[in-house]
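Colleague: Build out the structure end to end from the sequences listed, making use of the hints.
Residue numbers in the sequence shown follow UniProt numbering, run continuously in steps of one, and reach 795 at the last position.
What the hints contain is simulated information worked out from the structure, not anything from laboratory work.
Each hint should be verified, as a subset may be incorrect.
Simulated crosslink set (SDA-like; lysine to any residue; CA at most 20 Å straight-line) [what the hints assert, rightly or not]:
no.	residue 1	residue 2
1	Lys-124	Val-34
2	Lys-514	Lys-124
3	Lys-330	Pro-375
DEER-style ranges, computed between Cβ atoms [to be verified]:
no.	residue 1	residue 2	range
4	Glu-443	Asp-265	16 to 26 Å
5	Gln-466	Asp-420	26 to 36 Å
6	Asp-265	Ser-195	23 to 33 Å
7	Gln-498	Arg-361	54 to 64 Å
8	Asp-507	Glu-644	43 to 53 Å
9	Thr-269	Asn-128	30 to 40 Å
10	Ser-195	Arg-29	28 to 38 Å
Even for Gly, the Cβ is constructed at its ideal location relative to N, Cα and C.
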Amino acid sequence: MVRSDAPVRVLYVDDQPVLGELAATYLERYEADVTLEVVAVGNAREAQDRVGGSHIDCIVSDYELPETDGLELLEAVRCQYPDIPFILFTGKGSEEVARDAFQVGATDYMQKGPGTDQYTVLAKRIHNAVSQHRAEATSEQYGAAIEALENAVYVLDGEGRLTSVDDVFLEMTGYDREAALGTPISALDADGTLSENFASLVDAEGPDTVQFEADVVSASDEVRRCRCHLTARQFTGESAESVVGVLHELTDLQYYDGLTDLILDTSTTLMSAEADEVDTKLRWTLQSVAEYVGAGRATVFSATEGGDVTSVDVSTGGLDVSVGLEDIEKTHEWCASGITPADATADGCAGAEWWLDQFRRFENVRVESLSSMPPEADSLRERFERQGVTSLIAVPLVSNWSLRGVVEFASHDGEGVWTDREVRLLRTLGDLIAHTLERRRREREMARYKTIIDTVPDGVFLLDEQGYLTQVNEAFASSFGFDADDLTGRPFLDLVDQGCVPPDIADEYVEGIKAMLSGDREKNVFEVEVSLSENVETRVYEAHTRLLPYEDSFRGTAGITRDVTDELHHRAQLRRQNDRLDDFASVVSHDLRNPLNIAQGFLDVARETGDDSYLDRVEGALDRIDRLVGDVLSLARQGQAVGETSQFDLAQSIFRTWAAVETFDASITLTGELGFVTADETRFSQAIENLFRNAVEHGGHDVAIDVGPLTDGSGFYIADDGPGIPPDRRDAVFEHGYTTSRGGTGFGLSIVRTIVEAHNWSVGVTESADGGARFEITYQPAETDAPPVEAESVK
Numbered sequence: 001m002v003r004s005d006a007p008v009r010v011l012y013v014d015d016q017p018v019l020g021e022l023a024a025t026y027l028e029r030y031e032a033d034v035t036l037e038v039v040a041v042g043n044a045r046e047a048q049d050r051v052g053g054s055h056i057d058c059i060v061s062d063y064e065l066p067e068t069d070g071l072e073l074l075e076a077v078r079c080q081y082p083d084i085p086f087i088l089f090t091g092k093g094s095e096e097v098a099r100d101a102f103q104v105g106a107t108d109y110m111q112k113g114p115g116t117d118q119y120t121v122l123a124k125r126i127h128n129a130v131s132q133h134r135a136e137a138t139s140e141q142y143g144a145a146i147e148a149l150e151n152a153v154y155v156l157d158g159e160g161r162l163t164s165v166d167d168v169f170l171e172m173t174g175y176d177r178e179a180a181l182g183t184p185i186s187a188l189d190a191d192g193t194l195s196e197n198f199a200s201l202v203d204a205e206g207p208d209t210v211q212f213e214a215d216v217v218s219a220s221d222e223v224r225r226c227r228c229h230l231t232a233r234q235f236t237g238e239s240a241e242s243v244v245g246v247l248h249e250l251t252d253l254q255y256y257d258g259l260t261d262l263i264l265d266t267s268t269t270l271m272s273a274e275a276d277e278v279d280t281k282l283r284w285t286l287q288s289v290a291e292y293v294g295a296g297r298a299t300v301f302s303a304t305e306g307g308d309v310t311s312v313d314v315s316t317g318g319l320d321v322s323v324g325l326e327d328i329e330k331t332h333e334w335c336a337s338g339i340t341p342a343d344a345t346a347d348g349c350a351g352a353e354w355w356l357d358q359f360r361r362f363e364n365v366r367v368e369s370l371s372s373m374p375p376e377a378d379s380l381r382e383r384f385e386r387q388g389v390t391s392l393i394a395v396p397l398v399s400n401w402s403l404r405g406v407v408e409f410a411s412h413d414g415e416g417v418w419t420d421r422e423v424r425l426l427r428t429l430g431d432l433i434a435h436t437l438e439r440r441r442r443e444r445e446m447a448r449y450k451t452i453i454d455t456v457p458d459g460v461f462l463l464d465e466q467g468y469l470t471q472v473n474e475a476f477a478s479s480f481g482f483d484a485d486d487l488t489g490r491p492f493l494d495l496v497d498q499g500c501v502p503p504d505i506a507d508e509y510v511e512g513i514k515a516m517l518s519g520d521r522e523k524n525v526f527e528v529e530v531s532l533s534e535n536v537e538t539r540v541y542e543a544h545t546r547l548l549p550y551e552d553s554f555r556g557t558a559g560i561t562r563d564v565t566d567e568l569h570h571r572a573q574l575r576r577q578n579d580r581l582d583d584f585a586s587v588v589s590h591d592l593r594n595p596l597n598i599a600q601g602f603l604d605v606a607r608e609t610g611d612d613s614y615l616d617r618v619e620g621a622l623d624r625i626d627r628l629v630g631d632v633l634s635l636a637r638q639g640q641a642v643g644e645t646s647q648f649d650l651a652q653s654i655f656r657t658w659a660a661v662e663t664f665d666a667s668i669t670l671t672g673e674l675g676f677v678t679a680d681e682t683r684f685s686q687a688i689e690n691l692f693r694n695a696v697e698h699g700g701h702d703v704a705i706d707v708g709p710l711t712d713g714s715g716f717y718i719a720d721d722g723p724g725i726p727p728d729r730r731d732a733v734f735e736h737g738y739t740t741s742r743g744g745t746g747f748g749l750s751i752v753r754t755i756v757e758a759h760n761w762s763v764g765v766t767e768s769a770d771g772g773a774r775f776e777i778t779y780q781p782a783e784t785d786a787p788p789v790e791a792e793s794v795k
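Modeller: What follows is the structure in structure tokens.
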């Protein structure tokens, strides 16, 4: 049953997209007690696909459409959906078109005009058509339910004239429908009781509901004694109040009529109960019904909120009887004074299979006398005897083809006869209780889910078939810079339009849906880069999506997102560590083995010949081993994460490093101001030291070194006037173990690159102005008001 205030989904059909967009804009601005949600399409075929693939409350169509017209679309829609409201909204209409439209089954006809005020009129007509359609559907559902209780139902206007009657009313009074409508209530009144109670109800100071007994006159002047029920109601779309009346003939079945009315009253009470009111109102229901049917005790045994008791295999229609009722327990009970309460569980004893088997088959258990119970139920009979039960009726609580429990009415004052009609009415009550408990269970379950979803650190979202975010948690919304309430209801493509995520994510999402619909995969996993602004680090999220349950058509997806930015950084760091392990293996297997072999060989020669001059060769090999071990250990340490950073004067740090290095007759010149930088100064100095050593090693003891800022201010350079580095070898010089010097280890520039990249900087090499090597380090300069060191030359 659709709520009267539920959003109205409108399908707008027009071959001009601009007009469709304009209409959608103004219709969705319409202010009323319901919201209009407009989907615009350009042709009849797409319109039929939309109607068949998603829920549509109303269709608004132009008359002239490509390859067809609005009337042909209307006929096609009416073949499959005879009741959906359809408004022909045309710019080239005529009386003939209007007549044909209504003959085919149009709900309304409206001719387009100038200006935008016409869309307000159109919105009102859409609202009225849908409200009428929903009211009729609701009325039919209520009418079917009421007629199932065998009551005559009618509606009176404020003057007491009949405006609506059901089939039971016509059968009881002998009127045909046309003759009944418009007939005053006084025509049915044998002694004035009906008219008197109607007058009291419509009085401004009168009650909202009255119940009484009256003699009702039929069309053939036959008088029937009836129990009457009148209630004032305001129907949707009507300005004046109406009066709903219920007649039930009082015959020998008056008892059942009273029970029917009681169950009807309790149904209203239970169905309107909030979750925290269910327990109280259910106990009141048990007491009211138990007292009416003469039971001393009424008990509800229901399943714990966590799973079904038994279920139906839809494909075979078979029952799953492997699960019993042992897991359900007494949840609600009313007992008359002096009556023993029921046991805590529904089976109560080990020999209750006879009892359980019937509930598993959704059957009622009717015991008019304990002596009528079969031998296999002896232990159950003994339990009832101890409790003073003499007869009982128990009906299963069934909801959505699942057994949710049992409601039991027990008599303690002699054998009882539970009639078929009485059992049917109690079964109706059982269904009502089952639906009420199931509704509360689902409400609590949804509340728990919402709490969990709002608590988890991962983002959670639901996307409908149109790509709209129907539900998100705060974790998901905050990752895009929104609140959950602001993001809910918006299309996901808004995040693309605002530059939060790259455009190709939409294609990735669609391809994943196709793969899941085809069965190629159960879920779709992809990465999303989220960029909120230039000053905020781009985060990477891993998204997992699955299809929402669906039958005939796609209904959307559910997904979670997890921030994997740090994890990706850790993976990159692990790869670098693995690379360093490979370097260690290379050093141990090759670089260290060669000088070790040299040292061992010349040491053996020295021992054999007694010539100590060979020990100089041994010493040289050991010196190389020492340098290799030192450089490899340094490389390993530089691969660790950056330590504590601080802001310091770049030029002062470079001069301090120069002073600590053996530079022979080399000179250094500072050209320009370098400013300040934020870094781990200890590791920074190690990188600069290696650049100085590299310049002296390849440029000679008298090499001239120049240090200065890059022209764009993005970093600084260290240049020398040595032999330089050929262009085809400039990328290779930063690799582990690369060297062109016989005494070099090949790790110095590799250490430089490792330290620079650990700071998220970059380093490159080119040719200096003097033909030597020029190393350029780029970074983000620190902002400070302190004056930098001025240019100077040091030798």
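Colleague: Against each hint, give a clear statement of whether it holds in the structure.
Modeller: Cross-check of the supplied hints:
no. : hint                          : verdict
1   : Lys-124 x Val-34              : 11 Å, holds
2   : Lys-514 x Lys-124             : 39 Å, violated
3   : Lys-330 x Pro-375             : 26 Å, violated
4   : Glu-443 x Asp-265: 16 to 26 Å : 23 Å, holds
5   : Gln-466 x Asp-420: 26 to 36 Å : 51 Å, violated
6   : Asp-265 x Ser-195: 23 to 33 Å : 25 Å, holds
7   : Gln-498 x Arg-361: 54 to 64 Å : 58 Å, holds
8   : Asp-507 x Glu-644: 43 to 53 Å : 44 Å, holds
9   : Thr-269 x Asn-128: 30 to 40 Å : 33 Å, holds
10  : Ser-195 x Arg-29: 28 to 38 Å  : 49 Å, violated
In summary, the structure is inconsistent with hints 2, 3, 5, 10 from the numbered list given earlier, while agreeing with the others.
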